[in-house]
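Going line by line, the protein sequences match chains Y and Z.
Using this note's numbering, you'd call the opening residue of the first sequence number 21 and step up by one each time.
Using this note's numbering, you'd call the opening residue of the second sequence number 46 and step up by one each time.
Incorrect hints may have been included.
Unchecked claim - Derived pair list, reagent style DSSO-like, types lysine-lysine, alpha-carbon separation capped at 30 Å:
| id | chain 1 | residue 1 | chain 2 | residue 2 |
| --- | --- | --- | --- | --- |
| 1 | Y | Lys120 | Z | Lys97 |
| 2 | Z | Lys86 | Y | Lys132 |
| 3 | Z | Lys85 | Y | Lys120 |
What the hints assert, rightly or not - Partial chain Z-side listing against chain Y, Cβ under 8 Å, derived:
| id | residue |
| --- | --- |
| 4 | Gly48 |
| 5 | Leu88 |
| 6 | Met91 |
| 7 | Val93 |
| 8 | Pro128 |
| 9 | Glu129 |
| 10 | Ser131 |
| 11 | Leu135 |
| 12 | Asp141 |
| 13 | Asn146 |
| 14 | Gln153 |
| 15 | Thr158 |
Note that these hints are calculated values from the structure, not bench results.
Note that the Cβ used here is the ideal one computed from N, Cα and C, for glycine as well.
Chain residues, written in single-letter form:
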Amino acid sequence: AQSVTQPDIHITVSEGASLELRCNYSYGATPYLFWYVQSPGQGLQLLLKYFSGDTLVQGIKGFEAEFKRSQSSFNLRKPSVHWSDAAEYFCAVGETAGNKLTFGGGTRVLVKP
Amino acid sequence: ETGVTQTPRHLVMGMTNKKSLKCEQHLGHNAMYWYKQSAKKPLELMFVYNFKEQTENNSVPSRFSPECPNSSHLFLHLHTLQPEDSALYLCASSQDGGGTNTEAFFGQGTRLTVV
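One chain only, chain Y, in its complex shape:
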């Protein structure tokens, strides 16, 4: 069975500083990997996805993620965070592009002025 682990429940970062969110997955085949963001009271918005090809993936809002098969990781990064990046971030793995997603527990990001 597939599983996703996000080791950090909370991260606090200063505005303008860099951000890295960790994600490790367990999956028997080539995974479909995703990062979603959720603002308070809202649904999930897709930041980026990895299906195949280049292992460094660019997403919206200045985010990027790197797929490392040897480490079973798909960490999310942003060079300089903005106050509007305060939200909860979810890593997910799927059997196909959108079907049967398994989510990690989420990482809540707080941004200090």
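The hints should help you fit chain Z onto chain Y, whose structure is shown.
Okay, now just chain Z, sitting in the frame of chain Y:
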């Protein structure tokens, strides 16, 4: 606007009530999903529908009853719920199979409180 609309946004119901959650997608997708997001557990998949047919029931109690009358609409009928069923219920859709796959697009969710 994500193309997936859920109503109502908030719902408070008693344990003996019957209510329904509605989801509509305007994206032409063929697959729809219900997910549950509770405070103490990760997002979990409840049901999957492909071309109106239920293809997955992730061991969900029978007090939750899904209905998919067509590829654009998905309902979750609720009856005799428990307080621990209070959660954010998220609907999603995707194009799955047929050579054109997309990621899942999520609605804004229905915040359900069972009293």
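Quick rundown of the hints versus the structure:
no.: 1; hint: Lys120/Y / Lys97/Z; in the structure: holds, 16 Å
no.: 2; hint: Lys86/Z / Lys132/Y; in the structure: holds, 27 Å
no.: 3; hint: Lys85/Z / Lys120/Y; in the structure: holds, 20 Å
no.: 4; hint: Gly48; in the structure: violated, 11 Å
no.: 5; hint: Leu88; in the structure: holds, 4 Å
no.: 6; hint: Met91; in the structure: violated, 11 Å
no.: 7; hint: Val93; in the structure: holds, 6 Å
no.: 8; hint: Pro128; in the structure: violated, 21 Å
no.: 9; hint: Glu129; in the structure: violated, 18 Å
no.: 10; hint: Ser131; in the structure: violated, 15 Å
no.: 11; hint: Leu135; in the structure: holds, 6 Å
no.: 12; hint: Asp141; in the structure: holds, 5 Å
no.: 13; hint: Asn146; in the structure: holds, 4 Å
no.: 14; hint: Gln153; in the structure: holds, 4 Å
no.: 15; hint: Thr158; in the structure: violated, 14 Å
Going down the numbered hints, you'll see the structure goes against 4, 6, 8, 9, 10 and 15, while the others check out.
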